[in-house]
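Peer 1: These protein sequences, in sequence, are chains A and B.
With my numbering applied, the first sequence closes on residue 754, and no number is skipped along the way.
With my numbering applied, the second sequence closes on residue 754, and no number is skipped along the way.
Treat the hints as calculated values from the structure; they're not laboratory data.
There could be a bad hint or two in this list.
No distinction is drawn between identical chains; accordingly, a pair holds when it is met within one copy or between any pair of copies.
Claimed, not checked - Heads up, simulated DMTMM-like pairs for lysine to aspartate or glutamate below, C-alpha to C-alpha not over 20 Å straight-line: (1) Lys696 to Glu673; (2) Lys471 to Glu572; (3) Lys455 to Glu466; (4) Lys735 to Glu572.
Values in this document were obtained by computation on a predicted structure and should not be read as measured data.
Number of protein chains: 2
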Amino acid sequence: MKEKYISIKEALEKKKGKVSLRGWVYRERKFKDKVFIVLRDHSGIIQTVIHKDKVSEKEWEQAERILIESSVKLHGELVEDPRAPGGVELRVEKFELVHLAEPFPITKDKSKEYLYDKRHLWLRSRYLTSILKIRSTVFRAIREYFWSKGFYEFHSPSLTPGVAEEGPTLFEVNYFGKKLYLTQTWQLYAEAAIFALEKIFTIAPSFRAERSKTSRHLAEYWHAEVEVAWMNMDELMDLAEEMIKHVIREVLKHHREDLEFLGRDPKDLEKVLKKKWPRITYDEALEILEKKGMKVPWGKDLRTIEEDKLMEDFDTPVFVTHYPKEIMAFYKPRDPKNPKVARCFDLIAPEGYGELIGGSERDENIDELIKALKKAGEKIENYEFYLDTRRYGSIPHSGFGMGVERLISWICKLETIRDAIPFPRTMTRHKP
Amino acid sequence: MKEKYISIKEALEKKKGKVSLRGWVYRERKFKDKVFIVLRDHSGIIQTVIHKDKVSEKEWEQAERILIESSVKLHGELVEDPRAPGGVELRVEKFELVHLAEPFPITKDKSKEYLYDKRHLWLRSRYLTSILKIRSTVFRAIREYFWSKGFYEFHSPSLTPGVAEEGPTLFEVNYFGKKLYLTQTWQLYAEAAIFALEKIFTIAPSFRAERSKTSRHLAEYWHAEVEVAWMNMDELMDLAEEMIKHVIREVLKHHREDLEFLGRDPKDLEKVLKKKWPRITYDEALEILEKKGMKVPWGKDLRTIEEDKLMEDFDTPVFVTHYPKEIMAFYKPRDPKNPKVARCFDLIAPEGYGELIGGSERDENIDELIKALKKAGEKIENYEFYLDTRRYGSIPHSGFGMGVERLISWICKLETIRDAIPFPRTMTRHKP
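The following block holds chain A by itself, in its conformation from the complex:
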């Protein structure tokens, strides 16, 4: 006979009747003749009570010795009880110990670094579990959005020959005695693939060996990227805005409690959904900054401090467009209306979460590309396969890349991006 276990969430909805639950001891309080166990599973927590006179002697001995994070199976009757979290309590009739945990090493007084050392155990905390569930929904929602728009999922290699410009931030791999590098973007490969599939997306690991210890950077992160044939910059910004709004809607639909637990008021996100996100040019951004007492010389990129200052005036993400061509990557084309600027944008999150997305049209013109590559000191022969895309039926197209952990950090209102990924990799952290 196979026992039927239900989840704690289902039990809380059921409210009464006989059920079997299983999970881990989240909290315990022991009295002379009863033990309260708050039981945890992936779906939530529920209060349970074991009365000495309702279980066998052996079961009572085990219940009396229980420690948190032990695994148990509990069989009994659900009873509504307004004092219990969730309003329901399980009166245990049969107590099964699966595994008696050793004393759990994570206690309230532990340092942040200790918690990262014990990340494999800290994952069980309500804090990280809430984030991980939202993370799962974010990935699903991104993909569902693109599938619903007729995109194909496409994959570029993680191991790439690499190009000189990115040298300092590339991780080197010993590939059968040759030097290869870990990918930073799928872009060059994706631009070749749209000639077959036209509308493509991916979410894949991406790597930056940045010697940065900020709360916004990871050495390994998940990069959601799209590349679209025949699309211009304005349409691409529509796509980016709609995609993120879809993600937020899905998170609000499934994770209101998780958000509240994390300290993110769902109303903040609802507000973001209702508005059309502003699109301002780089020039307008400089004007705003100047009015706020921060003068940036034209031609300089916006730094974090300036982005944060700019965003003080906004409560939704903002597209900043038309950055100076000279400081942009070689593939971002000049704007024909104003050749000093490029047809590109950054999408900047509110509340100091920084750049979510960088996107642009891609220069269709092979001569412009070669000129820009030479100016950047690149060897043209490294780019021959890429330049081929402009030799055989070149078309207008655009694409963007989004740091998924940045989006999760903002949605969840996290203090550090390291908690937006299960096992963070940074300059100073590569274990467990």
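Please arrange chain B on chain A, whose structure you already have, making use of the hints.
Peer 2: Quick look at chain B alone, frame taken from chain A:
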């Protein structure tokens, strides 16, 4: 005014009326007073005809000079024509050249290695485009299956401290001066995460520095992995079989033509759906092999040659279970009914496509794990974080890993796994 382009697939369904199409020249035939262009986009191909007297002089000049893979926009009237592929022809009224291609370097007489060198252009071939579309559906279907079963998507790091045993097949990364290794499996991380999320899956790049040049191996491939709390081996095999059957159903639903083009008879796959896949033990496999004249001494792993021989008798994938414990990875538990074998399985594809999935229950018992690790010559301190999962509420659980490109190869009946991924990485191939 924004023009409205429709896809070629939509045009073939529409059959008549004025439309605008865009794409690339797939084939062209030029006559004195007309040019036939077979136009290609991501959705298919359509025959179009440009009559000299129906377009302007400039348009005719461009049409006359057209080369394959040039990009064009064609506006005109759809007419049913039984001689045209798909039964519909576009009579062009306005011809717009987007980009005149240089002579396309891929022609019929090119070697296989040349085609891999020009992979970025070869992607446009109907052969690779068909595979890439099926690949996209395979990824979507795997994820949809797990989401529908209440799994969370979870991500392990690509950069790992690594463990000694796998040394020879690990790729080494220079990580800020430290040695890290590219991941081969998420398993150790996933086993920690099920204590929070219970049912998890991923699809992520995985790396093996195998000095193998077979048609079945890639140095970088996409690894679909699951880990499930409270699940035993029989339930896990059900899950694996249902998941792959779901994938095949989705591929059949969307890609019958692609399959036929690739030489895979959809009926082969339909047959696989109808049957329950056999589950035989390692011992039974040895008996079958012996009857077929291939004697394997008990205790030896099955090699490719033996798997292929075994599969001659089957037209669906087959689960081979209960391999000898001594040759299995340390985490595969002994079968209590027969301690010489482990509670594990391989799922082997028919037609010589080899192992699709390897899976097992995971040993719950920390003493058994330590014993097996020591026997394998491992340093226990490298596994402390993993062993912690058995110290704090250990539970029964199981998991498997599937090479997605193996599945794609079998579904598409490919000659080599290198064509199941856009830009293959093998011992001898790392460009473009």
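Peer 1: My question is about lysine 696 and glutamate 673: at a cut-off of 20 Å on alpha-carbon distance, are they close within one copy, between copies, both, or neither?
Peer 2: neither (39 Å within a copy, 51 Å between copies)
Peer 1: Please sort lysine 471 with glutamate 572 into within, between, both or neither, judging by C-alpha distance up to 20 Å.
Peer 2: Both, since 17 Å and 18 Å are each at most 20 Å.
Peer 1: When no copy is named, should lysine 455 and glutamate 466 be tagged within, between, both, or neither for a Cα gap of at most 20 Å?
Peer 2: Result: close both inside a copy and across copies, 16 Å intra and 16 Å inter.
Peer 1: Quick one: lysine 735 to glutamate 572, C-alpha cut-off 20 Å, is that within a copy, between copies, both, or neither?
Peer 2: within (17 Å within a copy, 38 Å between copies)
Taken one by one, the earlier hints fail for this structure only at number 1.
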